[in-house]
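One letter stands for each residue in the lines below.
2 protein chains.
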Amino acid sequence: MVAQGSPPLDRQEVESLVREVLLQKLRAGATPPPAVERHAVEPSRAGGPPHPLVVNVSARHMHVTQADLETLFGPGAKLTKLKDLYQEGEFASEQLVTLVGPRQRIIPNVRILGPMRNYTQVELSYTDGIYLGLDLPLRISGNHEGTPGVTILGPRGAVNLTRGVIRAERHVHMSTQDMNYYGVKDGDYLKLKIDGPCGVTFDRVKVRYHPKVILEVHIDTDEGNACDLESATRMELTK
Amino acid sequence: MVAQGSPPLDRQEVESLVREVLLQKLRAGATPPPAVERHAVEPSRAGGPPHPLVVNVSARHMHVTQADLETLFGPGAKLTKLKDLYQEGEFASEQLVTLVGPRQRIIPNVRILGPMRNYTQVELSYTDGIYLGLDLPLRISGNHEGTPGVTILGPRGAVNLTRGVIRAERHVHMSTQDMNYYGVKDGDYLKLKIDGPCGVTFDRVKVRYHPKVILEVHIDTDEGNACDLESATRMELTK
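Residue numbers (the working numbering), protein chains in the order written: chain A, 1 to 239; chain B, 240 to 478.
What the hints contain is simulated information worked out from the structure, not anything from laboratory work. Because the structure is a prediction, the values reported are computed rather than measured. Each residue gets a CB set at the ideal place from its N, CA and C atoms; glycine is no exception. There could be a bad hint or two in this list.
Here are the simulated distance ranges between beta carbons [said to hold, decoys possible]:
1. 344(B) to 84(A): 28 to 38 Å
2. 337(B) to 231(A): 27 to 37 Å
3. 157(A) to 337(B): 28 to 38 Å
4. 47(A) to 337(B): 54 to 64 Å
27 Å max Cα-Cα, derived DSSO-like pairs, lysine-lysine [as the list claims (entries may be wrong)]:
5. 206(A) to 239(A)
6. 206(A) to 432(B)
7. 451(B) to 424(B)
8. 81(A) to 212(A)
9. 430(B) to 193(A)
10. 445(B) to 193(A)
Chain A residues, not near chain B, derived (Cβ > 10 Å throughout) [said to hold, decoys possible]:
11. 52
12. 76
13. 170
14. 179
15. 185
16. 187
17. 200
18. 201
19. 202
20. 203
21. 204
Next up, chain A with everything else stripped away, as it sits in the complex:
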């Protein structure tokens, strides 16, 4: 459907649009992989926390089942490691997909994070959701009831995901040692104060327990940009 009031597209405009999108596509190969995570570390002190406070920004990414990976990348496809993430065993893969949302807009170069999961999940910021036309629910990983889907394109096929697109609720990974130090339990909330030119206190950071993790806060790109994490002068995690 062509909307009323759409400006007419002349030949020059079409050519310029095509040139622009092709340039983007060609340049993509030269662009370094997007920073999946940004670290900001304070050293651990004697008598202080068992692990240093690490805050990382999770850029948009996807987790995938073996079945969906094979639909996207072909039979027998495996994730290949680009780089390790902070938690042992977690990694950014070399595999990238394209998302197509209900507004017929696309987000290319969305990275799959490994290892393989038993569900396929896409984690986006609200900025991404508005762009694609998805009303993202705020969820902890794996809780997909009532979540929207999205179309995922890989080099060998497409997955019409019916649900599993979320904004990840900001959270802090903690081991028993970390929870004891901060005096919290799984599911509690802490505050994360980021000092700097764009100072922000995130008042609700959910504690997520796992025996094998070490202390790490995950915020998304909206949150990382709101507080300008890269220019933070001091960070503190408190009750």
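Chain A is already provided as a structure; the job is to place chain B on it using the hints.
Only chain B this time, still in chain A's reference frame:
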């Protein structure tokens, strides 16, 4: 320059990219104008503040000089009003421009806000800056020393802005009445607490005095999405 390792573009892929970008362009006319501002108001109470607390999200936008407006929209061009903004005399115009950044990426449909200014200024979020390839300085409107430029396309011409692209420092507009109530002066900082599922306290909100304004906080889209302003349950401005 074609980067090494760029995936080859086959005819089908080119066609699909072209189709995608043209669809976006055609659909643009059918899309309602982007929300320039979102309101969240608490009623004024007896003995309470002189004006209700209003927090608005400033989406990416531009201010323009008459000379630059005429370069973009042709000789004698004038801004035409789409809708009034919260402060008297300020308005969203019907005029839209396209930005082209150093990464050869574009942001279309950037709205000009009126009235006319004696400087041209583009206000973006950090998310926009990263997308375009601009390292945005955090500034109060009008302070352009050392700020980057951008290419601006209008229907009748282009402006190569050499400086004036900023992330607006989050701020609160106040009259004398408002400053007296909160016990602050021009240039001071207040805290804005937003309660809700994505609860955030913005620790640095700069007071900007003008005799003719009424109380209004401006945050950008990164900040509005970080705290999910639309689902806020309570807001408070404190020292």
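Structure-based check of all given hints:
1. 344(B) to 84(A): 28 to 38 Å: 29 Å, holds
2. 337(B) to 231(A): 27 to 37 Å: With a Cβ separation near 29 Å, residue 337(B) and residue 231(A) satisfy 27 to 37 Å, so the hint holds.
3. 157(A) to 337(B): 28 to 38 Å: 34 Å, holds
4. 47(A) to 337(B): 54 to 64 Å: 56 Å, holds
5. 206(A) to 239(A): 11 Å, holds
6. 206(A) to 432(B): Given that 27 Å is the threshold and the Cα spacing comes to 18 Å, the pair holds.
7. 451(B) to 424(B): With a Cα-Cα distance of about 15 Å, the restraint between residue 451(B) and residue 424(B) holds, given a limit of 27 Å.
8. 81(A) to 212(A): 21 Å, holds
9. 430(B) to 193(A): 13 Å, holds
10. 445(B) to 193(A): 18 Å, holds
11. 52: 22 Å, holds
12. 76: Residue 76(A) is indeed farther than 10 Å from all Cβ atoms of chain B, at 20 Å.
13. 170: 8 Å, violated
14. 179: Correct as stated: the minimum Cβ-Cβ distance to chain B is 21 Å, above 10 Å.
15. 185: Label holds. Min Cβ-Cβ 20 Å, cutoff 10 Å.
16. 187: 15 Å, holds
17. 200: 6 Å, violated
18. 201: Non-interface label on residue 201(A) violated, nearest chain B Cβ at 4 Å vs cutoff 10 Å.
19. 202: Residue 202(A) not clear of chain B: closest Cβ-Cβ about 6 Å, inside 10 Å.
20. 203: 4 Å, violated
21. 204: Given a closest Cβ separation of 5 Å, the condition is violated.
Hints 13, 17, 18, 19, 20, 21 from the earlier list are contradicted by this structure; the remaining hints agree with it.
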